[in-house]
Amino acid sequence: MQPLDYIAAGIQAVIFGPAAFELLGVPIPLTLVMVFAGVVTGILVGATPGLAGPMAMAISLPILISFFGYNVEALLPVLGFLIGIMKGATLGGAVPAILFNTPGTPDAYMTTLDGYPLTKQGQSRKALKVAHLSSVSGDTFSDIALFVCAPFVALMVERHLDFPEKTALLILSLSFIAAVIGGSPGKGLISVALGLIAVFIGGGEDFYPRLSLGTDALAGGFSIMTAILGILIVGAVLKEYEDLWHRSNLSGALERIVDHGDQRLTRAEILRIAPYIGQSSIVGTIIGALPGIGTTLAAALGYQLGRARHERRRSEGAPAFGEGVIEGVAATEAANSSVSGSNLIPVLGLGIPGNAAAVFIILATDSIGGFTPGPSVFRFSESVVNTELVLVFGLFTAMLFANLVNWTFGGAFMRAATVMVRVPKRTLLPVVLLLTLTAVYAQEPSMESLWFTLGFGILGYLMRKVDMSPLPFVIAFVLGGSLENSARQAFSATGGDPYFLFSSWISIFFLAGSVVTVVLALRQKRTDSTQA
Amino acid sequence: MKKFLALGAIALGYSIAATASQAEDWTPPGPITMHIAFPPGGGSDSQARLIAEELETRYGWTITPQNTPGKAGLIMAKEMQGAPTDGTVFGMGISEALDYGMADGTAGMTPDDVTPIVTTTLAEVAFVVPASKGWKNFDDFVAAAKAGEPLRVGAITPKIADVTYLMGKAAGIEMNITMVQGGRGMMNALYAGDLDAGFVAGAHSKGVKAGELVELVSGMSRPLNLTPDAPLLVDLGVPYNLDIYFMYFGPKDMDGAAQAKLAQSISEIVLDDTTKAGALLKANFGGGEAISGEALQAFIDSSFVSAKELMQAASE
Amino acid sequence: MYRLNIYIGSGAVLLALVGLFLWIPQDTGTGLIVRVRRQVSIGDALAPTIAFTLMAIGGALLLVERRKHTSAEVSIAPFLHTGALVAVIALGLLLMRHAGPGILLIAEGFGATDTEYRLLRETFPWKYIGYFLGGVTIIGGMASLSAGRLQARTVLIAGVVTIGLVALVDVPFDDLLLPPNGDY
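Protein chains in written order, with this note's numbering: chain A, 1 to 532; chain B, 1 to 316; chain C, 1 to 184.
Hints should not be assumed to be uniformly reliable.
One side only, chain B facing chain C, incomplete, derived with CB under 10 Å [unchecked claim]:
1) Thr88
2) Val89
3) Ala143
4) Pro158
5) Ala171
6) Met175
7) Ile177
8) Gly211
9) Ala314
10) Glu316
None of these hints come from the bench; they were simulated from the model.
The beta-carbon is built from N, C-alpha and C at its ideal position, and this holds for glycine as well.
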């Protein structure tokens, strides 16, 4: 098949794939239904303070898999739902930020700065419209970057990287993540090390399952589900619950929102915010493509650049950023939403996840099988059909459809999602916990896995408690296996060369890069603290 | 059905005749847990799940499939220790778990610690190279290995690595043997050019039909389906083979009637091309192959002995 | 944060030393490198050794990083609160695991038919007993703990939500098992 045929086949896999139901005799494709459901779920979850997109992805994944089964046909509907959540959640996160000054997701914090003042000025609906427009534009821009870049990244990798270079690239990604996240390279490294140790338990090539302390419980190792759901969700629930306790009973008597004046977004206003959206989209897309640094940084950077631009142009007496200007909302929302497409570039191109959402995409493909994200996906083979490539184009189609849903219905759902702010956290969080445990059990039916999940939850809580980001742990856990395998393969394939990592300039470059990132981060940290 | 070997036929006939009356009236006393020694996803996992589905529709039993992967099936074998013996717990894995996996004693188990039930098929194991290399037969491969750098050869299980090593030793060539993750990992590495060759157990058939891969040697004790002219291991001076069966086994001292009923009903399904499971086996392996009863026990016993010898030979 | 970093840093170094010199040497099948089939390969101990080394480096970096002198003290009370939460969750899990078989045992004591939980695990009401009691304990217990009082309303909400989860997870999905039914 030619490249164009692959694209066509991917679109067909979505449109002519299995149908969910028939509407007036027309079969409605299952994948599209799932994407739609995902976006709606995502908006609701994003709008609920205390819940985040990755949480919903994590809980729904095992249930979806049990429903659709472990076969290739399940991939597009399941991934479609997950991607829908991912895209919906960034949109939904803006709702409570604008209306109630509480960010629904951490990356929406910057949105409160201008969104809430707008609400107080009686402009809440306009602010929501700006958030919607900017968020969806940024997202679409980012997706286009993904479609263009991922195949090239993958082809470059496949052409130039052998086992040793692939090992070095994994080392570079891990040290980058350790150095960048959490502000302290020391804590980042500890987090990475913990993740690696956890994944190495029970593994190995010898018949004796290593580090299992002779027990059968550890012989099979920790499953990826228990580790990741424990660290990310149970840990977050415990920490949130503690914060809730700190604040005692902050009963939710919410203010009434009164809008007045014209809520329409005029053409002139759209033209006014367009450059902010453009600038933030580029920033967000670039940040999204780097592993480890997430939406929160993108939003902060987008906001700062937007403010600088606004200051240069602001006429005397006009409101500044922070006083309720639509440019402020546009700058943050475009930036945090444009992360979601490009963060799949390292996933699809290299098989390396850059943030929590991407981890669940990898987890989904890993559990279902038939699709291994990484460079080999993009083999445009002509004689036999590379089904993985067809799936990638199917995935792209699903992403475009999710954007379409966001463009058309997103605004209405955002307004409807306002009710989610009223859900009491005190009841919601234990329900999330029980749902998580149920989901883990669905995937892995043994009480042992629930105890492991709780154990990882306690670890995740302690890490959050001491300001150690759990994300390096998660990514190290996901990549640890491939890191060891590619190192083993590189070593054996080079005939036992102990210096295999230094056998080519590319891998020396990657290794040097990893040392440099850690050293730079360390120096950065030092200057920061002397200033402080 | 066509490759239904005499051995299997005799065994099946035997087991059905001997225990037919017993098997007739066995029904599981409760819901069944069926372990699968493979990670969810791949072809082996679907094979097991389809068989479970068919058993449920045919007999109205309740079966919950559960993935218990790891250490080429040893983790699942351990799971069988202490499991109820009334036929409500059993699992599907590969015969290598019972022979090679238990041969060196680290596992603390022998094949006697489980009850073999029935095989579903023989994995189509072949030594495969990418067609782009231009090697048409094993001699070309050997010549290339002698001419240049040591070639990189992948192996998906330790037993396969041992046999690969002995094959190289017999041919007088050096190979850098590298462990890879499953058939899928092997395929990716071969296509990407990271590996030059390797034994694959069925994942390669599509590539061979498309002319992208070439089979050089049969790893089984019989010729390959797609390349019947390829030599057997024994022709290359390797006195071992890679006859790896997909098979069901249960805990030690399993109820005889349950064992017989399961063997009978599973073999009927895998030998029937009209079932989903049978069709899958037909497409991937050329058909089902159901060996049970004493013939299966004899196969396990002899391959346990030969696995010990293989381990010894490969460590010399 | 100043003291805290010292604690974490030295803890990490200590843990790394235990891993490197006690756990790995005692508990891996092969060493750093291993000779198999006349070929040197990476052994099972190498990867964990690197991981623990990273941990030691991380801990050491934390000890030498220029510290911010803040007076932020970590108080013990929140830990106790979270400890109580974890205890409630653990209690819920234990109930989940043992409530069904336990009640069956009691029922047998009163002369019900002699059978095993394993064989009843897919029949109503046995399949829901553990999950329901455990779920109500987790949701009701955590919410009450956080509110500082036990209210009938909380327990009622917990019960309704748990039944809702059963309806969501068990009813539509045939192969999905609720705890503890997969353990048999």
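Quick rundown of the hints versus the structure:
Contact between B:Thr88 and chain C, as hinted, is supported at the beta carbon level, the nearest pair being about 7 Å apart and thus within 10 Å. About 8 Å separates the beta-carbon of B:Val89 from the nearest beta-carbon of chain C, less than 10 Å, and the hint is met. A cut of 10 Å between beta carbons decides the hint on B:Ala143: the least distance to chain C is about 22 Å, and the hint is violated. Evaluation of the B:Pro158 hint against chain C yields a held restraint, the C-beta minimum of about 8 Å falling below 10 Å.
With a least beta-carbon distance of about 14 Å to chain C, the hint placing B:Ala171 at the interface is violated under the 10 Å criterion. Contact between B:Met175 and chain C, as hinted, is supported at the beta carbon level, the nearest pair being about 9 Å apart and thus within 10 Å. Satisfaction of the interface hint for B:Ile177 is found here, the shortest Cβ-Cβ separation to chain C being roughly 6 Å, below the 10 Å cut-off. The beta carbon of B:Gly211 is not positioned within 10 Å of any beta carbon in chain C (closest approach about 32 Å), and the interface hint is therefore violated.
The restraint placing B:Ala314 at the interface with chain C holds, with a minimum CB-CB distance near 6 Å, inside the 10 Å limit. For the restraint placing B:Glu316 at the interface with chain C, the shortest Cβ-Cβ distance is roughly 9 Å, inside the 10 Å limit, so the hint holds.
In summary, the structure is inconsistent with hints 3, 5 and 8 from the numbered list given earlier, while agreeing with the others.
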